[in-house]
Amino acid sequence: MKKVNWLVVISGVAVGIAALVLTLLGNPKNMGFCIACFERDIAGALSLHSATKVQYMRPEIMGIILGAFIIALITKEFKPKAGSSPATRFFLGAVVMIGALGFLGCPLRMVIRIGGGDINAMIALLGFVLGVFIGTLFLKRGFNLKRAYPAPLVEGSVMPAVAVILVVLGITAPAAIKMSVEGPGSMHAPFLVALLIALVIGALAQKSRLCMVGGVRDAILFGDFRLLYGFVAIIVTIVIGNLILGNFNLSMLNQPVAHSSTLWNVLSMVVVGWGSVLLGGCPLRQLVLAGEGNGDCAVTVFGMIIGAAISHNFSWAGNPDSVNEAGEYIVGGLSDGGKIAVVVCILIVLVISLVNSKKEAKKNG
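Position 340 of the sequence shown, counting from 1, maps to 340 under the numbering used here, and the rest follow consecutively.
One thing to keep in mind: the hints can contain errors.
[To be verified] Distance condition first, Cα-Cα at most 35 Å in a straight line; then the derived DSBU-like pairs of lysine-lysine:
no. : residue 1 : residue 2
1   : Lys339    : Lys146
2   : Lys29     : Lys339
3   : Lys358    : Lys81
4   : Lys29     : Lys207
5   : Lys140    : Lys81
6   : Lys358    : Lys146
7   : Lys140    : Lys358
8   : Lys339    : Lys53
9   : Lys79     : Lys140
10  : Lys207    : Lys81
11  : Lys79     : Lys146
12  : Lys79     : Lys358
13  : Lys140    : Lys207
14  : Lys339    : Lys140
Calculated directly from the structure, the hints in this document are not laboratory data.
The structure displayed is predicted, hence computed values, not measured ones.
Based on the provided sequences and hints, a complete structural model is requested.
Structure follows, in structure tokens:
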């Protein structure tokens, strides 16, 4: 066991507490913080998709970006840069989002669901780790999306500026955006409270470099588990909180906004883990880096939002388990189109991995 980075652990505990508090204040159960789900809701709020149950201007996303932005300015870590294969990153962002919505959650929601006793998420973790492992194999082969270069201040300020615009829009012009009246999108904590909590989480995540993909990657490549301790802290915090609140349910069934189609949970998270390694971080980390002024990560976030819109416009997102009028339990999962999309995403990530490591591999050969 190497030296523990206690800031990472503290950040993990803070995320766990924030997820519990936001759930108590109105966010869906086992979804106190989910980057994929919340970006999907924002896509719906902006009319990029028409799935009426998942439309809301989630302030948590903007809060994370602005929290990272503010602390980066204070500590002089705000360094605008861009130019590292932005088109590929946009495309990969969309692919990662399609995988995440197939599972119904990003890596952060996966650990939150694990903390709620969701066995589906525990199984999906295997797919996520497998995806990260495959990604590390290509890192060893020399995978590289090329370096980023210093950029003008305006380039690094795009994502924080967009976040401010969305906050203002959410506060002053709710009639101009879509808002769900039923389903997960209708469940939300008070806007300003959620924004404030997310600002704190964004600042902590920026200072601690909290990233589950990075944690698994570093554990595989270097035997360094320091970043993973943060996610262990999230799980432990949420388990304790759910036990106290009576919300812990160790089961594959009757889990909120989740499906028990095991194979597609696993394959969807293979896409998320693999794609995120190529991008250099999980969806949470992409938001934080975008807040720090990384234009390439801003492009990735935009790609994720478009990927969410595509998933719902083409009915590729996972369908939660449900109970019909006769009281029969109906296992959800992916439509045939969604299954094809996940398989195609795996092939796309494979091609991107091969194309961007081929030349380097030859040099090393």
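The hints, checked one at a time:
1. Lys339 <-> Lys146: Given pair Lys339, Lys146 holds - Cα atoms ~32 Å apart, limit 35 Å.
2. Lys29 <-> Lys339: Holds - the C-alpha atoms of Lys339 and Lys29 are around 26 Å apart, at most 35 Å.
3. Lys358 <-> Lys81: Holds - the C-alpha atoms of Lys81 and Lys358 are around 26 Å apart, at most 35 Å.
4. Lys29 <-> Lys207: Holds: Lys29 and Lys207 sit about 28 Å apart, inside 35 Å.
5. Lys140 <-> Lys81: Given pair Lys140, Lys81 holds - Cα atoms ~25 Å apart, limit 35 Å.
6. Lys358 <-> Lys146: 13 Å, holds
7. Lys140 <-> Lys358: 11 Å, holds
8. Lys339 <-> Lys53: This hinted pair holds, its Cα atoms lying about 22 Å apart.
9. Lys79 <-> Lys140: Answer holds: Lys79 to Lys140 is near 28 Å, not above 35 Å.
10. Lys207 <-> Lys81: 19 Å, holds
11. Lys79 <-> Lys146: This hinted pair holds, its Cα atoms lying about 18 Å apart.
12. Lys79 <-> Lys358: Holds, at roughly 31 Å.
13. Lys140 <-> Lys207: 27 Å, holds
14. Lys339 <-> Lys140: Since the Cα atoms of Lys339 and Lys140 sit roughly 30 Å apart, the hinted pair holds (cutoff 35 Å).
Checked against the numbered hints listed earlier, the structure breaks none of them; every hint is satisfied.
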